[in-house]
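As they're listed, the protein sequences go chains A and B. Using the working numbering, you'd call the opening residue of the first sequence number 1 and step up by one each time. Using the working numbering, you'd call the opening residue of the second sequence number 1 and step up by one each time.
One should not assume that every hint holds.
Said to hold, decoys possible - Taking beta-carbon pairs under 10 Å as the criterion, some of the chain A residues facing chain B (in silico): (1) P59; (2) R85; (3) A139; (4) L341; (5) F404; (6) E407.
Just so you know, the hints here were simulated from the structure itself, not pulled from any lab data. Beta carbons: idealized from backbone N, C-alpha and C, even for Gly.
Next come the chains, spelled out residue by residue.
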Amino acid sequence: MRYVIIGNGVAGITAAFTLRARDASAEILLVSGESDYFFSRCALMYAFMDRMSLRDLEPHERRVYAKQNFRLIRDWVTDLDASRRLLTLQSGSSLAYDRLLLSTGSLGEVPDWPGLNRVREGAVHFVTLQDLGRAESLARSAREAVVVGGGLIGVELVECLVYHRLKVTFHVRAPWYWPGALAREEAEIVSEHIRRHGVDLRMDEEVAEILTTPEGRVCAVRAKSGHEYSCQLLGIAVGVSPQIAWLRGVKTPPRLGRGIQVSSSFETSLENVWAAGDCAEFSANGAPFIEQIWYSARRQGELAARAMLGDTIRYDPPIFYNSAKFFGIEYTATGEISPSLPGVQTFFCRLPAREASVRITERAGAVIGINMLGARWDHSIFERWIAERRDMDYAVAHLPEAQFDVEFGRVDLTPVAAAYHNWRARSAAAK
Amino acid sequence: MVRKGKSAWLVHDLTHRGLTAWLLTALLVAFYLLLYLTHFFTPVARSLGLSSKWTLYGLLYTLAILTGGIHVLRKYRRNRYQVVRTSVVMFVQVVFAFSIPEILKFFHQPEYYFSYFWPLKFDDLNPGVVFHLPLFYALYSFLGALVMVPLLGVFFGKRWYCSWVCGCGGLANTAGDPLRHLTSKSSRAWKFEKISIHFVLAVSVLLTALLFISYGLGHRATALSRFTYDFQTVYAFLVVAMLSGVIGAGLYPLGGTRVWCRNFCPMAAILGLVQKLGSFRIAVKPNMCISCGLCSKYCEMGIDVRSYAQANQSFTRASCVGCGLCAEVCPRGVLRLENARLRTPQGASLVRIAPLTSASPLSPGGQR
Ligand SMILES: Cc1cc2nc3c(=O)[nH]c(=O)nc-3n(C[C@H](O)[C@H](O)[C@H](O)COP(=O)(O)OP(=O)(O)OC[C@H]3O[C@@H](n4cnc5c(N)ncnc54)[C@H](O)[C@@H]3O)c2cc1C
Ligand code: SF4
């Protein structure tokens with residue numbers, strides 16, 4: 001049996017390990033155009049900030065791959081012919097498969113800003129190794145930068161540029177930072193913190209046009225507010241989308257939406273072809289959804305491999321969780337965390353004299369989401385409470401069990417308990 | 001990418017095995033060779049009013065720990081574990097490893113170091129030495145090495161000594177901090193360490209046994225005593241001067257800060273064995289690791305922490321000195337040092353939601 005995996009990201013490599021664990025004699029080939037070896041995409045920023053070398057980003061010693069008997073091919077796949085079970089590579093050679101996994105990840109989204117099409121140099125994404133290379137060479141000469149996009153990749157890029165002593169303006173279209181996950185109160189803590197690092201953070205700012213020199217170098221960003229921001233580096237971090245453009249022109253394209261459409265057992269519309277990770281699009285109750293984080297890619301890679309091995313798999317995304325770090329502030333989220341959920345009750349408490357906060361959201365007497373800033377928490381305990389439909393009283397009373405701070409550094413939760421008491425009394429009075 | 005500017009280049013070069021790092025290594029090695037093998041520093045010490053070159057060395061060493069310690073305290077000021085631990089290690093160095101021995105000497109007492117134990121200081125169980133000490137010191141030597149060290153190791157892990165008390169660890173964790181990432185993380189280095197450190201331990205135990213036997217036999221065993229004496233001289237030269245001094249501290253800029261502690265220190269070997277049986281461990285928060293590798297990169301003992309974290313495996317490694325830097329640098333708060341049997345309510349995190357599958361695919365080839 002010959003398994004071919006396109007993409008050596010976390011989804012692809014996890015699938016490869018899973019296949020090998022179950023099938024010692026299978027031929028397993030990984031094809032990837034971006035890098036020779038699997039690396040941690042989430043750690044790109046640490047390479048940019050000189051905390052690690054590129055080699056350090058590789059999660060496994062290189063000899064592991066030989067030991068696992070994986071064949072690694074550095075190339076781009078340009079054609080897929082499912083009727084002959086054949087791939088064509090950019091180098092011209094072709095590659096036959098018995099079973100194929102598409103785990104092609106995502107690329108930075110290209111917005112339709114006026115003037116962006118004139119840009120020859122100065123605009124970068126921050127998603128791939130090649131993006132990193134471009135960003136580094138620009139950061140060497142640039143003095144000012146504008147980063148657009150108020151999400152997680154944006155703030156990481158901003159941190160890197162600040163490290164390299166560029167004057168950074170950070171444009172966020174929304175009225176506060178990251179409204180997809182943070183409410184205004186949390187966003188204020190984060191914004192204050194980002195500003196304290198010397199970043200000029202602008203809310204409600206939207207790009208009107210990218211200005212370039214006659215040679216096509218970025219020289220400024222004109223915003224809809226009328227402001228013009230001079231810059232030699234423009235960071236585009238407005239989101240990522242599945243890397244599927246290449247699949248539109250192949251002999252037998254799988255069914256595509258925003259990503260590669262798959263069933264709940266990771267099957268694409270083509271026979272013997274599966275997809276997993278950032279590029280896979282599922283549908284739940286008719287609505288398409290794509291998960292684009294490390295944890296989901298890893299989980300999907302494992303399950304897709306099991307599906308390829310013949311197991312019956314029904315993928316049902318577990319309770320959501322994620323974590324991040326905004327410069328120095330750590331962030332842990334579990335469950336439903338969007339600040340604009342209907343029919344919910346939310347308890348929020350900012351810890352005194354700390355850049356830290358606690359938010360617990362309840363619907364119909366059961367906790368559905370917990371959003372924590374500035375301290376360390378074990379999200380798996382939160383997952384359990386949500387799964388067990390615990391109420392808010394229980395969650396607040398048991399918060400210490402989920403603390404994961406360093407020894408001697410445990411955050412004092414008495415102010416949270418007191419604030420919760422008041423909040424309860426007030427909401428009872430309101431009723 | 002290295003920051004722009006000359007000073008940033010210099011810092012990078014010094015901390016990434018550049019030319020300046022090699023130069024610094026040459027200087028350090030030369031310093032240690034002169035210190036151990038010649039009397040070069042004796043007149044220097046005298047001219048400063050110090051009693052010997054060893055006092056001068058102790059002074060320099062203490063200053064290095066203090067200045068490095070202040071840097072480290074500022075760098076990790078938001079992490080209470082680092083603040084407490086660094087303060088303790090600085091205090092121990094100033095008081096127990098420098099001031100008290102000097103004061104004792106001044107009052108014509110034996111120059112005794114309360115912060116060092118056998119086998120790191122093998123004279124502590126050398127009958128020819130220890131039986132001639134006043135009873136209190138002799139008792140402290142025996143009970144310290146044979147009871148206190150292993151007992152504390154069982155409860156708190158190796159760290160109580162290696163990163164809270166010991167001067168070697170003290171230097172590594174203060175002045176050595178900018179070089180901590182240089183320790184090799186390869187599995188080959190791990191294999192080497194397991195052999196070398198237990199070999200040195202075996203040699204030091206053998207030497208101590210011989211010292212006791214020849215002491216017991218007294219005049220009746222002149223051939224044995226002569227052999228033991230030579231053995232001891234070779235041990236002092238090879239292990240104490242060469243491995244702990246010249247190689248251990250001299251190679252900081254090339255091999256990282258714990259070359260001695262990781263590969264050769266017999267005390268660390270004993271504590272490592274005790275640690276494996278005791279309650280200390282590094283707890284891993286399940287399914288939260290992003291495999292970034294910062295924990296492995298900044299582990300001064302060369303432990304590939306990431307390989308455990310991404311496999312959702314809480315673990316205890318013999319070599320871990322519990323410095324806590326992996327937990328400090330982890331951007332996702334995955335790691336936590338703990339004494340598992342002395343747990344606070346935080347211990348509830350022991351009850352885990354079962355991981356996706358029992359055989360985690362990211363733990364390659366049953367390496368551990
Ligand atoms: C800067 C940054 C920071 C992030 N931080 C976090 C974080 O902190 N936490 C988190 O949960 N998630 C984070 N993410 C998201 C996370 O990295 C991704 O969800 C995850 O890497 C997706 O893995 P994957 O295996 O699906 O795809 P990828 O890792 O993108 O791998 C796909 C690979 O396939 C290759 N490929 C694609 N098409 C072809 C082709 N035609 N031929 C050959 N090869 C091809 C690509 O070049 C790529 O190497 C971050 C992402 C970025 C960009
Ligand atoms: S530092 Fe944290 S997230 Fe990064 S590899 Fe180590 S445990 Fe995983």
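### Task
Report the numbers of all earlier hints that the structure fails to satisfy, in ascending order.
2 and 4
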